[in-house]
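Asks: What follows is the residue order along each chain.
2 protein chains.
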Amino acid sequence: MKSFHRWIGLVVTLLVSACTAPMVGQPANGMYSELAAKQGVANAQAGVRQVPAKTLPVPSVEVSSQVQGLIAGPYNPFFGSIPQTSGEWKTLINQRAKAAAAAIPAMKAKFNVSIEQTRIGGVNAYILTPATIGPNNRNRLLMHIHGGGYVFSPGEAGLAEAILMASMGGYKVVSVDYRMPPDHPYPAAMDDAMAVWKELIKTNDPRKMAVFGTSTGGAMVLALIHRAKAEKVALPAAIGPGTPWSDIARIGDTYETNEWVDNVLVTWDGWLGKAALLYANGRDLKDPQISPIYGDMSGFPPTILTSGTRDLFLSNTVRTHRKLRRAGVVSDLNVYEGMSHAQYIYSADAPETREAFTDIARFFDHFLGK
Amino acid sequence: MKSFHRWIGLVVTLLVSACTAPMVGQPANGMYSELAAKQGVANAQAGVRQVPAKTLPVPSVEVSSQVQGLIAGPYNPFFGSIPQTSGEWKTLINQRAKAAAAAIPAMKAKFNVSIEQTRIGGVNAYILTPATIGPNNRNRLLMHIHGGGYVFSPGEAGLAEAILMASMGGYKVVSVDYRMPPDHPYPAAMDDAMAVWKELIKTNDPRKMAVFGTSTGGAMVLALIHRAKAEKVALPAAIGPGTPWSDIARIGDTYETNEWVDNVLVTWDGWLGKAALLYANGRDLKDPQISPIYGDMSGFPPTILTSGTRDLFLSNTVRTHRKLRRAGVVSDLNVYEGMSHAQYIYSADAPETREAFTDIARFFDHFLGK
Numbered sequence: 001m002k003s004f005h006r007w008i009g010l011v012v013t014l015l016v017s018a019c020t021a022p023m024v025g026q027p028a029n030g031m032y033s034e035l036a037a038k039q040g041v042a043n044a045q046a047g048v049r050q051v052p053a054k055t056l057p058v059p060s061v062e063v064s065s066q067v068q069g070l071i072a073g074p075y076n077p078f079f080g081s082i083p084q085t086s087g088e089w090k091t092l093i094n095q096r097a098k099a100a101a102a103a104i105p106a107m108k109a110k111f112n113v114s115i116e117q118t119r120i121g122g123v124n125a126y127i128l129t130p131a132t133i134g135p136n137n138r139n140r141l142l143m144h145i146h147g148g149g150y151v152f153s154p155g156e157a158g159l160a161e162a163i164l165m166a167s168m169g170g171y172k173v174v175s176v177d178y179r180m181p182p183d184h185p186y187p188a189a190m191d192d193a194m195a196v197w198k199e200l201i202k203t204n205d206p207r208k209m210a211v212f213g214t215s216t217g218g219a220m221v222l223a224l225i226h227r228a229k230a231e232k233v234a235l236p237a238a239i240g241p242g243t244p245w246s247d248i249a250r251i252g253d254t255y256e257t258n259e260w261v262d263n264v265l266v267t268w269d270g271w272l273g274k275a276a277l278l279y280a281n282g283r284d285l286k287d288p289q290i291s292p293i294y295g296d297m298s299g300f301p302p303t304i305l306t307s308g309t310r311d312l313f314l315s316n317t318v319r320t321h322r323k324l325r326r327a328g329v330v331s332d333l334n335v336y337e338g339m340s341h342a343q344y345i346y347s348a349d350a351p352e353t354r355e356a357f358t359d360i361a362r363f364f365d366h367f368l369g370k
Numbered sequence: 001m002k003s004f005h006r007w008i009g010l011v012v013t014l015l016v017s018a019c020t021a022p023m024v025g026q027p028a029n030g031m032y033s034e035l036a037a038k039q040g041v042a043n044a045q046a047g048v049r050q051v052p053a054k055t056l057p058v059p060s061v062e063v064s065s066q067v068q069g070l071i072a073g074p075y076n077p078f079f080g081s082i083p084q085t086s087g088e089w090k091t092l093i094n095q096r097a098k099a100a101a102a103a104i105p106a107m108k109a110k111f112n113v114s115i116e117q118t119r120i121g122g123v124n125a126y127i128l129t130p131a132t133i134g135p136n137n138r139n140r141l142l143m144h145i146h147g148g149g150y151v152f153s154p155g156e157a158g159l160a161e162a163i164l165m166a167s168m169g170g171y172k173v174v175s176v177d178y179r180m181p182p183d184h185p186y187p188a189a190m191d192d193a194m195a196v197w198k199e200l201i202k203t204n205d206p207r208k209m210a211v212f213g214t215s216t217g218g219a220m221v222l223a224l225i226h227r228a229k230a231e232k233v234a235l236p237a238a239i240g241p242g243t244p245w246s247d248i249a250r251i252g253d254t255y256e257t258n259e260w261v262d263n264v265l266v267t268w269d270g271w272l273g274k275a276a277l278l279y280a281n282g283r284d285l286k287d288p289q290i291s292p293i294y295g296d297m298s299g300f301p302p303t304i305l306t307s308g309t310r311d312l313f314l315s316n317t318v319r320t321h322r323k324l325r326r327a328g329v330v331s332d333l334n335v336y337e338g339m340s341h342a343q344y345i346y347s348a349d350a351p352e353t354r355e356a357f358t359d360i361a362r363f364f365d366h367f368l369g370k
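Line order of the protein sequences matches chains A and B.
In terms of my numbering, the first sequence opens at residue 1 and continues consecutively.
In terms of my numbering, the second sequence opens at residue 1 and continues consecutively.
Misleading hints may appear alongside valid ones.
As a list, the in silico PhoX-like pairs of lysine-lysine whose alpha-carbon atoms are at most 20 Å apart [unchecked claim]:
no., chain 1, residue 1, chain 2, residue 2
1, A, K38, B, K54
2, A, K90, A, K208
3, B, K198, A, K54
4, B, K198, B, K172
5, B, K38, A, K54
It should be emphasised that the hints constitute simulated quantities derived from the structure, not laboratory data.
These figures come from a predicted structure and were not determined experimentally.
With the hints as constraints, model all of the structure from the sequences given.
Replies: Following this line, the structure appears as structure tokens:
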């Protein structure tokens, strides 16, 4: 019985040790807490950084209640469910598109924007006209490229951001409903965006035009400029790539630091990375048409960028900003407290949404001819 | 014996459960991995964010080898050792100052900057003159306020940033050696900075002057503008508060998200927070002279801000940027890939250091009278 007790004692001790092994009994090295001591030891040598598990509160100072609600939100529930077949992708895409499109009529009414479906350069597109066009904007036109990881938000589902911009900026907007995977991988989306751009500048002065979009839309804005430069097509007077997916691979610091922190994209390793591969369709992920960060940005139009401190694409955004600056391009970076990916477009009522779109509209106003 | 076995079995089961409770055997809910499934469950409800422990690689794309070295560096070894007495603070302060000051002669020689110690408005100060003053800069003067958490970098130890700016920007610079805790808490530092500013503008045109500094220096630049506005003293034509400690309390998203990620400051809970309390000396931490984010920023001069994606003060920086924008102030935000706190001033040889100081110098050149 005594030896059995000793044996059980050992088992219990080992299990307890296994549970508490990463903890130290008392702060060591004069550190103020056990965690600090443990972290100090784990990061005492040069190399990778070891970060402990944490619980992040919702920032509340100078963050509107609407944005606090977005920050506090649960993870996007399908972040880690990866469709395995074309059919599974389509089911997910259609399900999300239906929900997003259902919200459009109310948004249209709320923001007093009329929407006309049309075809431009052979591509399905929407013309958005706000009730009030800004006095400087009568001869101006914006082109919008929606986001959604190159797979989501077809048709009217992609129009929310365009409605916000038309209304808050007082601009007429053309939104491009480009083709997407699984049926249409690269270059279909870029071919469509380019076809609309080329058609629009036949009857509109590109010096009075800007192109904008968020996430995948932001990357496509940048890729469009690369392609227009290469094809010697006229460039817009300004661009607004919001939190652009400029490096489609998992390359960039905040893919790591903001993994599991961003509640919109959550991680590259879920549906997002699979969508990247689906879109690239075997093409090199460092091709500047796929990851526009790798292209030469000299000669780009003035560029306004928007992101958040929890954005998985914060590095995509700041790398783009620095690369533009290094190329001598006027570029304006805006980062919102606590926001995850693209949350500046997700609340129609947040003051920060109006602030972001007003900033973009003013930037365009500054650089677009009248 | 049987009941004893059952009892032990229960204990072992409970211990094993305690160890493995957060894990799941197989990916659940169609998630791509066990971690994703676990994270999905932990973040399925609105509220705080649960983030697992991680290992962060050193970002390598478009980050210079010098900055990669800074990012890979171990934690600042004394981040969590909190001096308990005035004497302990002085020992740490003097030890660090000695090391920092020892590096100044070589830096001075390398960057060809002459340094003259003097007194201005009764305050110890240094006049830095580069070998080459920019052609637009002959009648211009910059005032520098060093960083160091309101406790570190007295005397020559605070001059590294001023040397970089004088040399890379081609400006004459006056650096303020303000009084600090433990002997001199608030308002001594601000009194000194203000005394130097008032004295300098007796013989220099403030429209041809800018004020800059990093971290605590950045906060003091902002507080100086608040105070000059209140005292109706002339303002400089531009300011460059780099990653300013604009909220001295642990308020702001990246105090949380970048805790244990930033290898320079590491956490607010170590020496940093104690230095804050030492400086404030019982004053409300939301007093705009202590935490300048809480002051009215209307009428501020054009402002250039610099930070990094791993900076504990990224939120301090972006909150300042947005608050300035909301007040209608021209403000330019720059965020460097992978950098922790103030690392853009820590490598004399990194291309990013030259880039940051060149950007600040150009910003000043744009707004300062000749």
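Asks: Sort out whether A:K54 lies within 20 Å of B:K198, counting only the CA atoms.
Replies: Violated: B:K198 and A:K54 sit about 46 Å apart, past 20 Å.
Asks: Just to be careful, I want the Cα atoms of A:K38 and B:K54 compared with a cutoff of 20 Å; is the pair within it?
Replies: At roughly 14 Å apart (the allowed maximum being 20 Å), B:K54 and A:K38 satisfy the hint.
Asks: Between the alpha carbons of B:K38 and A:K54, is the straight-line distance 20 Å or under?
Replies: holds (14 Å)
Asks: Regarding the pair A:K90 and A:K208, is the alpha-carbon distance no greater than 20 Å?
Replies: violated (38 Å)
Asks: Would you mind confirming whether the straight-line C-alpha gap from B:K198 to B:K172 stays at or under 20 Å?
Replies: It holds: about 17 Å lies between the C-alpha atoms, which stays within 20 Å.
Of the numbered hints listed earlier, those contradicted by the structure are 2 and 3.
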